[in-house]
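Undergrad: Sequence:
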Amino acid sequence: NALSGIFTARDVLTRCMGDGFDWDQALSDFSLSVNPHTTSADKTVAEAVATMQQHHYRTLPVVEGSQLVGLIRLGDLLTHLAEAYP
Numbered sequence: 068n069a070l071s072g073i074f075t076a077r078d079v080l081t082r083c084m085g086d087g088f089d090w091d092q093a094l095s096d097f098s099l100s101v102n103p104h105t106t107s108a109d110k111t112v113a114e115a116v117a118t119m120q121q122h123h124y125r126t127l128p129v130v131e132g133s134q135l136v137g138l139i140r141l142g143d144l145l146t147h148l149a150e151a152y153p
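Heads up: the sequence shown is residues 68 to 153, going by the working numbering.
Any given hint could be a false lead.
Just the calculated beta-carbon pair ranges, DEER-fashion [said to hold, decoys possible]:
1) L148 x D91: 33 to 41 Å
2) G85 x V136: 27 to 35 Å
3) T81 x G142: 35 to 43 Å
These are calculated hints, taken from the structure and not from any lab test.
In this text, a Cβ means the ideal position worked out from N, Cα and C, and glycines have one as well.
Work out the full structure: start from the sequences and follow the hints.
TA: Spelled out as structure tokens, the structure:
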């Protein structure tokens, strides 16, 4: 299956917290961030961080072709860097 969108904590905070939001609805184009920017596994960490910064992402999908193979989370990167360079 091809990546059609992502649903993040930011989506919950910006799209779902209003009065009358239907929490029982299926994920749809309304609640998904459609056509998210992505990176590929052969890109560098610096390139991924630059993409995240440019598009104000805290989570960046990693794809091979159109297939999702992982997620890069800003918090995970910061934790890794903090552990690597105490």
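Undergrad: Indicate, hint by hint, whether the structure satisfies it.
TA: Checked hints:
1. L148 x D91: 33 to 41 Å: holds (40 Å)
2. G85 x V136: 27 to 35 Å: About 34 Å separates the Cβ atoms of G85 and V136, which means 27 to 35 Å holds.
3. T81 x G142: 35 to 43 Å: violated (18 Å)
Consistency note: the structure conflicts with earlier hint 3 alone.
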